[in-house]
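Can you make the complete structure from the sequences, with help from the hints?
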Amino acid sequence: KAGVTQTPRYLIKTRGQQVTLSCSPISGHRSVSWYQQTPGQGLQFLFEYFSETQRNKGNFPGRFSGRQFSNSRSEMNVSTLELGDSALYLCASSLTGTVSYNEQFFGPGTRLTVL
Amino acid sequence: KNEVEQSPQNLTAQEEEFITINCSYSVGISALHWLQQHPGGGIVSLFMLSSGKKKHGRLIATINIQEKHSSLHITASHPRDSAVYICAVGRDNTDKLIFGTGTRLQVFP
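Taken in order, these protein sequences are the chains called W and D. If you read the first sequence in the working numbering, its first letter stands for residue 24, the second for the next number, and so on. If you read the second sequence in the working numbering, its first letter stands for residue 273, the second for the next number, and so on.
Check each hint, because a few of them may be wrong.
Below, simulated EDC-like cross-link-like pairs (lysine to aspartate or glutamate); rule was C-alpha separation at most 16 Å, straight line [stated by the list, open to error]:
{"id": "1", "chain 1": "W", "residue 1": "K80", "chain 2": "D", "residue 2": "E277"}
{"id": "2", "chain 1": "D", "residue 1": "K340", "chain 2": "D", "residue 2": "E277"}
{"id": "3", "chain 1": "D", "residue 1": "K340", "chain 2": "D", "residue 2": "E275"}
{"id": "4", "chain 1": "D", "residue 1": "K326", "chain 2": "W", "residue 2": "E98"}
What follows is a set of in silico ranges between Cβ atoms, one per label pair, in the way DEER data are often shown [said to hold, decoys possible]:
{"id": "5", "chain 1": "W", "residue 1": "L138", "chain 2": "D", "residue 2": "K325", "range": "42 to 50 Å"}
{"id": "6", "chain 1": "D", "residue 1": "V316", "chain 2": "W", "residue 2": "L34", "range": "17 to 25 Å"}
{"id": "7", "chain 1": "D", "residue 1": "N365", "chain 2": "W", "residue 2": "G51", "range": "26 to 34 Å"}
{"id": "8", "chain 1": "D", "residue 1": "N365", "chain 2": "W", "residue 2": "I35", "range": "36 to 44 Å"}
{"id": "9", "chain 1": "W", "residue 1": "R78", "chain 2": "D", "residue 2": "S298", "range": "20 to 28 Å"}
{"id": "10", "chain 1": "W", "residue 1": "K36", "chain 2": "D", "residue 2": "H350", "range": "34 to 42 Å"}
{"id": "11", "chain 1": "D", "residue 1": "N294", "chain 2": "W", "residue 2": "Q64", "range": "15 to 23 Å"}
{"id": "12", "chain 1": "W", "residue 1": "L106", "chain 2": "D", "residue 2": "T366", "range": "25 to 33 Å"}
Derived by calculation from the structure, the hints in this document are not laboratory data. Just so you know, even glycine gets a beta-carbon here, dropped at the ideal spot from N, CA and C.
Okay, structure coming up:
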C-alpha cells in the first residue's frame, strides 16, 4: 500500500501571497490531520478532516484553512503569507476519526519558505 | 508550563547503550503516542498506548496513568536510532494531539 503523499515537497513564496498544499492519504483512510512544525513552536495541530467535514481545529488564525474531497484527499490553504508561516507542514492519515487514539501515518511534509 | 514535557532535550549515547526518554503530561488523556522523526522530516509512529507496556523489537514504551508519565526505552542502541523522538498526547474530550518538544538522540559507533 502506498503511504501518505504530500505535494509539493518544497515551496518558496513571498509575503502576502497565498499557498495551497495537498495531501493524499493512505487508500481507505478517511481521516486527514494537518500539523505545522517550526523550530520555535515545535509540532502544532492545525485541523482534522473526516468524511469531508472539519472536526477539529487548532489555535491558528483564519488565514489557515483546509478542505477534504470525497476521495479523502485534502488540501490546506494559507492566505496572506507571513514570514512566521515558514515551516514544515505535515499531514497524517488514519483509518477512522478520533486522532487522539488512532495511529497516525505521516506524510513526508511540505517545507514552506516565506521570503 | 507546557502540557507535555520531555526529558532530556538532547541525548548522546554510545552504540549498545540502554537509552531512556521520559515524557510527563499534565492533562487528562485518551492515549499517548511516541513518534520518531529522522533528519529530512519524515515522522513514523512508534507506539500508541493508554496503559501498561508495549514492545516492538528493541523499543519498549511504558505508561503510568496515575503518575502521568511515560518512558521510551531503546535497548542495544544503534547509530540508526539517531533521530528526534517526540511524545504526543491525545487530550481527553478534544480529540487533538498535543506534542512535546522532542528529544534529539545521537548514537555513536
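Now for the hints, and whether the structure bears them out:
Among the hinted pairs, K80/W with E277/D is inconsistent with the structure: their alpha-carbon atoms are about 22 Å apart, more than 16 Å. For the suggested pair K340/D and E277/D, the alpha carbons sit about 11 Å apart, so the restraint of at most 16 Å is met. Annotation: proposed proximity of K340/D to E275/D holds, straight-line Cα distance about 11 Å (limit 16 Å). Restraint check for K326/D and E98/W: the C-alpha separation of about 34 Å exceeds 16 Å, so the hint is violated.
Between L138/W and K325/D the CB atoms are about 48 Å apart, so this pair conforms to the stated range of 42 to 50 Å. Checked against the hint of 17 to 25 Å, the pair V316/D and L34/W passes, with Cβ atoms roughly 23 Å apart. For N365/D and G51/W, the Cβ-Cβ distance of about 28 Å falls inside the hinted range of 26 to 34 Å, so the restraint holds. Distance hint check: the CB atoms of N365/D and I35/W are about 40 Å apart, consistent with the given range 36 to 44 Å.
For the pair R78/W and S298/D, the supplied restraint of 20 to 28 Å holds, since their beta-carbon distance comes to about 25 Å. A beta carbon spacing of about 39 Å between K36/W and H350/D agrees with the range 34 to 42 Å that was offered as a hint. Taken as a hint, the range 15 to 23 Å holds for the pair N294/D and Q64/W, whose Cβ atoms sit roughly 21 Å apart. For L106/W and T366/D, the Cβ-Cβ distance of about 30 Å falls inside the hinted range of 25 to 33 Å, so the restraint holds.
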